[in-house]
Amino acid sequence: MKNIIQYIIHDLFSISFFTFLSFFFLEYLYPGLITNYFNLNLLLLFCLSSGIIFMMMDREETFKRSFILKYYFFFLLLSFLTAVIVFRETSALGWIRYLIPNLSFFAIIFISIAIFKNYDSRRQN
Amino acid sequence: MAIPFKTLKIIRIILILIPFILFLFLLNKSLVPKGRLEIDQKSPLISSLEPKDRVRDNVITGEPVYFDIKTAFPFIKAKIEIDYESNLQIYLGGLVNPEKWQYRLYPLKGKEIELNLKNFYFQKGKYRFMISAPGLENYPEGVKIKKIKIILTKNPFSLRNLFKI
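Chains as they are written, first to last, in this note's numbering: chain P, 1 to 125; chain A, 1001 to 1165.
None of these hints come from the bench; they were simulated from the model.
Honestly, I wouldn't trust all of these hints.
In silico negatives: residues of chain A with every beta carbon more than 10 Å from chain P [as the list claims (entries may be wrong)]:
hint, residue
1, GLY1035
2, GLU1085
3, LEU1095
4, ASN1119
Pair by pair, the computed Cβ-Cβ distance ranges are [claimed, not checked]:
hint, chain 1, residue 1, chain 2, residue 2, range
5, A, LYS1009, P, ILE100, 41 to 49 Å
6, A, PHE1020, P, TYR7, 18 to 26 Å
7, A, LYS1009, P, LEU99, 38 to 46 Å
8, A, GLU1085, P, VAL84, 44 to 52 Å
9, A, ILE1010, P, PHE18, 18 to 26 Å
10, A, PHE1020, P, LYS117, 32 to 40 Å
11, P, VAL84, A, LYS1052, 33 to 41 Å
12, A, SER1047, P, LEU69, 40 to 48 Å
13, A, PRO1074, P, ILE100, 25 to 33 Å
The C-beta atom is built at its ideal place from N, Cα and C for all residues, glycine as well.
Turn these sequences into a full structure, and let the hints steer you where they fit.
Given below as structure tokens:
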């Protein structure tokens, strides 16, 4: 029973977090698309609450390990979104506009993976 | 206790469907597939009259005043109906050039006006409008705005104009 609740809360957290990110990005691209009719803060509040509850629960090791691939996918997604935002915001910079988003994409991926690996190895020790 | 995999999968599908349905609902609201959107003062899509120190209980005491219409995508025309109490000639128009603070104003004949929104500046999901009443300083009672109703129109949504949004 505890396991079922863990999975459901984990799903609630990951789905609400992914939804928040997608809505936030859509709102950035098309201001008003989401916030004209929906309060994004409520979604963020729900996401944070489910995340905190999930972190407070005792999770099994196998349950934890299954998330590693998801983490990598998440880093990739975040880096891509950041690169798109940087590309849009640097339109006045000329040719450098094509360089900075790529650099930021790889920088975020490498830094995220390095931090995650450091955290993971410390956790295992 | 073993996890009933099927039940978990059903729960997961339901949880994924909820934001997806929410997104479709919001997209439908913003795209306005029929091409006609009617809004009034109570709608969250229209801001209150600003600046606040020129408006008291819906009475314009100083001019000009401004209001915004918030839409995610641009529209082609706006029919604006303003029900007001005053003998003054009211002018209504929209922001044309934000850098020069330039507005294009039209006299309000009767109580409604139809504006071509292509002439106006649209950015960050907003059209900015101005209401001007020259000579208002001689009328201490001000201009009472009873009702503002706006009908925004654009081409109905179809697959042909999918990329022209």
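Hint by hint, here is what the structure shows:
1. At roughly 17 Å from the closest C-beta of chain P, the C-beta of A/GLY1035 stays outside 10 Å, upholding its exclusion from the interface.
2. For A/GLU1085, the condition that its CB be more than 10 Å from all CB atoms of chain P holds, with the nearest at approximately 31 Å.
3. With a least beta-carbon separation of about 16 Å from chain P, A/LEU1095 lies farther than 10 Å from that chain, consistent with its non-interface assignment.
4. The beta carbon of A/ASN1119 sits about 21 Å from the closest Cβ of chain P, which is more than 10 Å, so the claim that it is off the interface holds.
5. In this structure the supplied range 41 to 49 Å holds for A/LYS1009 paired with P/ILE100, their Cβ-Cβ distance being about 42 Å.
6. Taking the beta carbon of each, A/PHE1020 and P/TYR7 are about 20 Å apart, inside 18 to 26 Å as hinted.
7. A C-beta distance of roughly 44 Å is found between A/LYS1009 and P/LEU99, which places it inside the suggested range of 38 to 46 Å.
8. The hinted range of 44 to 52 Å is satisfied by A/GLU1085 and P/VAL84, whose Cβ atoms lie roughly 50 Å apart.
9. The supplied range of 18 to 26 Å is met by A/ILE1010 and P/PHE18, whose beta-carbon atoms lie about 19 Å from each other.
10. A hinted range of 32 to 40 Å for the beta carbons of A/PHE1020 and P/LYS117 is consistent with their spacing of about 33 Å.
11. Judged by the Cβ atoms, the range 33 to 41 Å given for P/VAL84 and A/LYS1052 holds: they are separated by roughly 38 Å.
12. Range check, A/SER1047 to P/LEU69: Cβ separation about 46 Å, and the 40 to 48 Å hint holds.
13. Here the CB-CB span from A/PRO1074 to P/ILE100 is close to 29 Å, well matched to the stated 25 to 33 Å.
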